[in-house]
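Asker: Note that the protein sequences, when read in sequence, are chains L and Z.
Quick note on numbering: my numbering labels position 193 of the first sequence as 201, and the sequence is numbered without any gaps.
Quick note on numbering: my numbering labels position 113 of the second sequence as 130, and the sequence is numbered without any gaps.
Hints are computed from structural coordinates only; laboratory data are not their basis.
Since the model is a prediction, treat every value here as computed from it, not as a measurement.
All C-beta atoms in this analysis are idealised placements derived from N, C-alpha and C, irrespective of residue type, glycine included.
Keep in mind that the hints are not guaranteed to be accurate.
Claimed, not checked - Partner residues aside, some chain L positions facing chain Z, computed with beta carbon under 7 Å:
1) 33
2) 77
3) 85
4) 87
5) 88
6) 95
7) 112
8) 129
9) 186
10) 188
11) 195
12) 198
13) 199
14) 202
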Amino acid sequence: MQELFNIFVKSIFVDNMVFAYFLGMCSYLAVSKTVQTSVGLGIAVIFVLGITVPVDYMLNEYILKAGALSWLDAGFADVDLSFLSFILFIAIIASMVQLVEMIIEKFSPSLYSSLGIFLPLIAVNCAILGGSLFMQEREYQSVAQATSFGLGSGIGWFLAIVGIAAIREKIRYSNVPAPLRGLGITFIITGLMGIAFMSFLGIKL
Amino acid sequence: MSEVKQEKEPLFSAKNRKLLTNPLNLNNPITVQVLGICSALAVTAKMKPAFVMALSVIVVTAAANLIVSLLRNGIPPRIRIIVQLVVVATLVILVDQVLKAFVYDVSKQLSVFVGLIITNCIIMGRLEAFAMSNKPWPSVLDGIGNGLGYGIILMAVAFMRELFGSGTIWGLHVIPKSFYEMGYQNNGFMILPPMALILVGIIIWIQRSRNPQLVEE
Chain L
9 MQELFNIFVK
19 SIFVDNMVFA
29 YFLGMCSYLA
39 VSKTVQTSVG
49 LGIAVIFVLG
59 ITVPVDYMLN
69 EYILKAGALS
79 WLDAGFADVD
89 LSFLSFILFI
99 AIIASMVQLV
109 EMIIEKFSPS
119 LYSSLGIFLP
129 LIAVNCAILG
139 GSLFMQEREY
149 QSVAQATSFG
159 LGSGIGWFLA
169 IVGIAAIREK
179 IRYSNVPAPL
189 RGLGITFIIT
199 GLMGIAFMSF
209 LGIKL
Chain Z
18 MSEVKQEKEP
28 LFSAKNRKLL
38 TNPLNLNNPI
48 TVQVLGICSA
58 LAVTAKMKPA
68 FVMALSVIVV
78 TAAANLIVSL
88 LRNGIPPRIR
98 IIVQLVVVAT
108 LVILVDQVLK
118 AFVYDVSKQL
128 SVFVGLIITN
138 CIIMGRLEAF
148 AMSNKPWPSV
158 LDGIGNGLGY
168 GIILMAVAFM
178 RELFGSGTIW
188 GLHVIPKSFY
198 EMGYQNNGFM
208 ILPPMALILV
218 GIIIWIQRSR
228 NPQLVEE
């Protein structure tokens, strides 16, 4: 339990997707003009990361890893399919996004209408594929650990995009030098937020 | 069909040259189209990984643009994203295996960011905006041009970060020993991720003050 909590907190603050690895920057910059839309996209990312990371974990553990196929037959013990992981992960992500979209549409039309436009966008969000690739690289021990990593990363991304959206709403009234307006100042503010988030680096978990 | 038409137009006509040079400055994928920032910043602490990354992206954009442009009339519009992802993912697997075979240490440093070329918005963006509606040869040029535009920003950021952060260029020490004896110190801050964002912000600032038509609002 302790271990799960550590992974959770670490992936929100210390290894924040946006500030430590710059993942999902494209939609982070494009959709952060107002707080309302960024909350919608942020929740959709938490949702999708929380589902795809554990699914990709099981895929990696039971099919792709070196020797992972030995549960089928002892003869498969030296088969290593890890070179297929990119294409399979992206296929899982694209189909999961489709599935999540259909489920939400069926059971909660109001949530669907608020998330609707963002869900298809998420399939090509680097943060989602990044989550699965980091999960593979860091070799988590169980599905539970992978899930808490996925949820934590999603919440970290949510915090980042809502934070920048709030700042951008305020900065509209400031006197920013003309060439810096829009994109330039957003980059610099993200850099400063990243420096602030680095203060979490000292936490030993 | 397209073969015949291409012969009328020289391979490097003014229009085609524009496809290659526009993304370098006025239509730069990173600073103007805001695409592909995800992977652009994490690999720029040193020049060598940045160069390998830029080269991989150029290869993948050019090849993906070519393949998708050849297939463009056969792809049903409803499933085009999946088809594009499969093409790109296959190319990225090839690039990843080549890197692992020939420059293993760099591929270890790039870690997950080679895989993330798949979701690099430059590639999907160019496929959607250009390759789906243009002939193969202009698409290849557009891919190379955008890859180069991405590479230029990557190399500029990596140059600054490596020079000021570790006092080296391409792994060679360029700041003389006597400077360090006089009290000069490497700015460790440049190595940290947030500085990459601030440097790109400054590059955008410089570019937009030289080209006022790019200024927003």
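Asker: All hints, please: hold or fail.
Answerer: How the hints compare with the structure:
1. 33: Where the cut-off is 7 Å and the nearest Cβ of chain Z is about 4 Å from residue 33(L), the hint holds.
2. 77: Violated, because the Cβ-Cβ distance from residue 77(L) to chain Z comes to roughly 19 Å (cut-off 7 Å).
3. 85: This interface hint is violated because 23 Å lies over the 7 Å limit.
4. 87: Violated. Min distance 17 Å.
5. 88: violated, 13 Å
6. 95: Status holds, d = 4 Å.
7. 112: violated, 19 Å
8. 129: violated, 11 Å
9. 186: Holds. Min distance 5 Å.
10. 188: holds, 5 Å
11. 195: Because about 4 Å separates residue 195(L) from the closest Cβ in chain Z, which is inside the 7 Å limit, the hint holds.
12. 198: At about 5 Å, which falls below the 7 Å cut-off, the nearest Cβ of chain Z leaves the hint on residue 198(L) intact, so it holds.
13. 199: This interface hint holds because 4 Å falls under the 7 Å limit.
14. 202: holds, 3 Å
In terms of the numbered hints stated before, the structure departs from hints 2, 3, 4, 5, 7, 8, listed from lowest to highest.
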